[in-house]
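Asker: Sequence:
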Amino acid sequence: MTTYSGFDLKDLAHERAQGKFPGIYSVCSAHPWVLEAAMRSALDDEKPLLIEATCNQVNQFGGYTGMKPKDFCAYVESIAKRVGFPTERLLLGGDHLGPHPWRHLPAAEAMKNATDLVADFVQAGFTKIHLDTSMPCEGDPVPFPDEVIAERAAALAKVAEGSAGHDRLRYVIGTEVPTPGGSVEELSVSVTRPEASEQALSVHREAFSADGIDDAWKRVIALVVQPGVEFGHEDVVDYDAAKAQTLCTLLGRHSELIFEAHSTDYQKPEAYAQLVRDGFAILKVGPALTFAMREALLALEAIERYTVPEGRRSHLEETLQRVMKAHPENWEHHYHGDALTVERLLIHSYSDRVRYYWHDAEIAASVSRLIENLEQARIPETLLSAYLPVQYERVREGSLENAPVALILDQIITALRPYQQACRG
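Numbering (numbering that gives the first Met the number 0), first residue to last: 0 to 424.
Because the hints were derived from the structure by calculation, they are not lab data. No experiment lies behind these values; they were computed from the predicted model shown. Glycine included, C-beta positions come from ideal geometry on N, C-alpha and C. A hint or two may mislead.
Quick list of in silico lysine to any residue cross-link-like pairs, SDA-like style, CA-CA up to 25 Å [stated by the list, open to error]: (1) Lys-19 to Glu-269; (2) Lys-69 to His-358; (3) Lys-67 to Arg-276; (4) Lys-9 to Lys-324; (5) Lys-111 to Ser-208; (6) Lys-80 to Asp-44; (7) Lys-46 to Arg-423; (8) Lys-9 to Ile-346; (9) Lys-267 to Ile-346; (10) Lys-67 to Ala-360; (11) Lys-67 to Glu-35; (12) Lys-9 to Phe-20; (13) Lys-111 to Arg-169; (14) Lys-46 to Ile-78; (15) Lys-157 to Gln-59; (16) Lys-9 to Gln-420; (17) Lys-9 to Glu-150; (18) Lys-157 to Gly-61; (19) Lys-111 to Gly-61; (20) Lys-157 to Gln-198; (21) Lys-67 to Gln-122; (22) Lys-157 to Ile-212; (23) Lys-67 to Ala-163; (24) Lys-267 to Thr-413; (25) Lys-80 to Leu-42; (26) Lys-242 to His-232; (27) Lys-217 to Glu-269; (28) Lys-111 to His-165; (29) Lys-324 to Glu-342; (30) Lys-69 to Arg-39; (31) Lys-80 to Ala-402; (32) Lys-9 to Gly-310.
Ranges between beta-carbon positions, derived for each pair [unchecked claim]: (33) Glu-328 to Pro-31: 19 to 29 Å; (34) Ala-107 to Ala-240: 42 to 52 Å; (35) Glu-396 to Leu-42: 35 to 45 Å.
Input sequences plus hints: build the corresponding full structure.
Answerer: Here it is in structure tokens:
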């Protein structure tokens with residue numbers, strides 16, 4: 000994939016040092032509708048579109064998407080060509096690259112897998128590389144020493160440097176509190192302490208130097224921190240700029256860096272611009288986009304009940320519940336409570352664990368049936384007003400087609416719009 004040449008992630012820090020407030024949002028999803036919506040919404044932007052895959056989604060063994068890094072690149076490029084999005088404006092990133100998927104293995108074995116992972120990502124064309132070695136492996140001491148975390152990150156950076164044209168690589172180091180894929184504990188969040196960030200930077204810089212890759216340190220562009228934003232299953236911790244100000248002073252001492260903020264989904268629209276102004280110039284978003292997609296799909300199913308005979312209906316929500324209960328491995332350690340609570344969370348949860356099931360053959364068939372049914376049946380504006388009121392207004396004004404896929408894409412684009420507005424600088 001062609002590297003985008005009109006923008007360098009290092010520019011985010013350079014422009015900030017000049018008193019500007021640029022930002023970029025990162026779309027963290029592999030769903031084709033989410034990626035299509037992101038591309039359509041970014042067609043008129045001047046910046047590249049940053050799309051990232053996690054180590055759990057995509058890896059040398061296929062991840063839960065079944066895609067290796069080179070497959071994901073080809074997949075994204077194929078969507079771009081169909082949409083008409085210039086592939087040279089795509090930036091691909093690897094998120095949480097490290098031993099996390101293999102943390103149950105001894106460190107040597109887990110790190111061997113992690114080095115292969117990083118090499119495959121870089122060779123496939125990913126240029127934004129988040130080195131995350133913060134998770135202890137089998138036999139590692141707890142608490143896990145910062146020095147070991149840094150040594151392992153440097154080892155992965157060294158592999159990346161030798162795997163492709165290193166001048167185009169940009170590294171992100173550090174990690175936020177939650178594990179990749181969302182927090183597994185009760186919703187609680189603390190802003191990263193600046194002294195902890197200073198320590199992380201110091202030990203990583205020393206480890207890079209000890210590994211003989213001082214030059215690679217110049218390509219470290221961001222530090223992942225916790226600005227005090229988080230979401231649980233049914234609650235959101237909103238950004239409080241006052242609580243993050245002490246952390247933000249760190250950038251005054253490290254003007255070559257910016258912060259990367261994870262779990263920014265579901266924040267109030269005005270929070271995103273404030274986050275960018277405060278130095279959290281890379282905003283990650285993922286579950287909020289599949290959440291919006293699911294909202295649109297279930298709204299369309301409600302419309303289907305009024306427009307399609309019983310025997311031809313998709314029964315989408317019923318199918319989701321049945322498949323998720325039959326295959327609980329992606330939610331059983333996250334959703335707890337009585338039967339009614341779990342049934343609600345399976346479908347209606349900010350953490351959106353249902354996103355792991357859209358590729359299931361039975362669910363995919365149900366979605367296809369829903370789309371086909373509503374393509375054949377005219378969607379009455381009265382039902383559109385009842386179940387998708389934002390899209391109703393756009394259909395009425397003539398800016399949106401009254402067709403099921405167009406409505407779904409618009410719902411996702413609506414969720415992305417606050418990010419776009421905040422990152423325009």
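Asker: Identify every previously stated hint that the structure contradicts and give their numbers, smallest first.
Answerer: Hints 3, 4, 8, 27, 32, 35 contradicted; others consistent.
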